[in-house]
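Each protein sequence line maps, in turn, to chains A, B, C and D. So for the first sequence, the numbering used here puts the first residue at 1; every next one is plus one. So for the second sequence, the numbering used here puts the first residue at 1; every next one is plus one. So for the third sequence, the numbering used here puts the first residue at 1; every next one is plus one. So for the fourth sequence, the numbering used here puts the first residue at 1; every next one is plus one.
Check before you lean on any hint, since a few could be wrong.
For identical chains, the list gives no copy identity; a pair is met inside one copy or between any two copies.
Said to hold, decoys possible - With a straight-line Cα cutoff of 25 Å, these simulated PhoX-like cross-link-like pairs (lysine-lysine) come out: (1) K124 <-> K14; (2) K106 <-> K43; (3) K14 <-> K106; (4) K94 <-> K124; (5) K135 <-> K124; (6) K124 <-> K106; (7) K14 <-> K135; (8) K14 <-> K94.
Hint data in this document are derived by calculation from the structure and do not stem from the laboratory.
4 protein chains.
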Amino acid sequence: MQPDLLHWGRQVLKQQAFSELLGTELDVFEAGQAQLSLVLAPKLLQQNGFVHGGVLAYLADNALTYAGGSVLGPVVLTSEFKINYLRPARDCDKLVAVATVVGNGKSQAVCRCDVFMETRGERKLCAAAQGTIRKAD
Amino acid sequence: MQPDLLHWGRQVLKQQAFSELLGTELDVFEAGQAQLSLVLAPKLLQQNGFVHGGVLAYLADNALTYAGGSVLGPVVLTSEFKINYLRPARDCDKLVAVATVVGNGKSQAVCRCDVFMETRGERKLCAAAQGTIRKAD
Amino acid sequence: MQPDLLHWGRQVLKQQAFSELLGTELDVFEAGQAQLSLVLAPKLLQQNGFVHGGVLAYLADNALTYAGGSVLGPVVLTSEFKINYLRPARDCDKLVAVATVVGNGKSQAVCRCDVFMETRGERKLCAAAQGTIRKAD
Amino acid sequence: MQPDLLHWGRQVLKQQAFSELLGTELDVFEAGQAQLSLVLAPKLLQQNGFVHGGVLAYLADNALTYAGGSVLGPVVLTSEFKINYLRPARDCDKLVAVATVVGNGKSQAVCRCDVFMETRGERKLCAAAQGTIRKAD
């Protein structure tokens, strides 16, 4: 892992007021991959006590963008992504989003992301995402 | 508009801690469609002063689910959705997500959602989404 | 409708060996929209007598690309798209794919497409798609 | 690999008139995964000599459905999928689509698929897909 890249990525995350509001942390950030995590908290839930789907979508979006940025450079935008929810997320310590670059050219990267529930180090997949990150013009 | 459906939808929204955290409101909720809105606030932004993409994704996810629930009944899940970002969202009064049912059977509904920036009543499209809502088993 | 644009679009379609193999026709091609159609034939089916999902995906992909090309210029690529199948397609005269541009910048267009079964002029929606078309570099 | 599953899968493929038209073959079919391949032929191309995007979408759709069917049973439908095109497909011996199940319940499976160009046994990724397969009601 490149410590400078991780350090810089964490500084950017701190400048995302929305990520600060939720409590997101950047665990891994290196060429071709990124990992974000988010400790479970009552503020993240919906009416049935599950993590709101929008939280999983946010986390996937952000992890995909970090992964894309790791190969495209610092100024990137998310063009689009899709997410499939596999099971409701609940009763876990934290959510962990692991994103990797599947392929990229100079201006675009296609990335995938798996979002897990993690409890005492054990992970269970709860969502799978795929999307396009591109350099800002 | 069915006042009871809207009333009930607003009660559900209040039970979503995450939607309360963000400040989401349900404007329209009737058979086949739903509209959510979210007043712009600093907590919703990312590092460049734009609304975080995850906020738009959350809003689309939630509006799609309301639209699906309007034809499938109260206990629904989002199976999946995709979102395309058209332009960064910023400098507006609020975000407005308008979702409609494109087609549905007994157990599933396919819905589309447009997310707008709204300023003094004028709307500009900033994201387009499409997804599947299904009855919980 | 611009007759020259339509004429040119039909010439391009004839140069698509795969579209010729299937029998696709370009009905409408003007700024911001395109319509393709495909007469039902046994060669398009899968094992249950329905139109193969891949045929609907092909038709949506092609209509999205024409729609994007109508605003971006002749040399475009499909970056990505998603498709939701609403009902099996069968027992109809032809398939009709109607694509429109939802929003575009200089280099990219986000488009939506509805794929219908058409019988004696009546249309029933069988698939809904959304995707990104971009100028080739 | 279960020979009976593969044998049965190949029989189904032969009953897909559209797959026969294109020349698709089923290479692998076992619990949780499937591989389809398609020898390059002029009939599969578009106007620039690349494989038509619709062919890649068809191949991904079909591979995703086989993968889903391997865990859900023989009577399945594709609910939806998305595909990202990474590079134009051309100048290769064949296309190979490798699909795996990412997660599944009783009635639905979420699957991913990579579509490669293969030349003398070497593979290059040209498209990445993700979608939902479900049991037919």
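Hint check results:
1. Proximity of K124 to K14 under the C-alpha cut-off of 25 Å is found in neither arrangement, the shortest distances being 27 Å within a copy and 29 Å between copies.
2. For the identical chains of this complex, K106 and K43 are neighbours neither inside a copy (39 Å) nor across copies (31 Å), given an alpha-carbon limit of 25 Å.
3. In this homomeric assembly, K14 and K106 never come within 25 Å of each other (Cα to Cα): the closest approach is 27 Å inside a single copy and 32 Å across copies.
4. Proximity of K94 to K124 under the C-alpha cut-off of 25 Å is restricted to the intra-copy arrangement: shortest distance 11 Å within a copy versus 36 Å between copies.
5. With identical chains, the CA atoms of K135 and K124 are at most 25 Å apart between copies only, with a shortest distance of 23 Å across copies and 32 Å within one.
6. Taking identical chains as interchangeable, the C-alpha atoms of K124 and K106 lie at most 25 Å apart only when they sit on different chains, with a minimum of 17 Å there against 34 Å within one chain.
7. Only within a single protomer do K14 and K135 lie at most 25 Å apart by alpha-carbon distance; the minimum there is 21 Å, versus 35 Å between protomers.
8. Taking identical chains as interchangeable, the C-alpha atoms of K14 and K94 lie at most 25 Å apart whether they share a chain (19 Å) or sit on different chains (24 Å).
When the structure is compared with the earlier hints, violations turn up for hints 1, 2, 3 and for no others.
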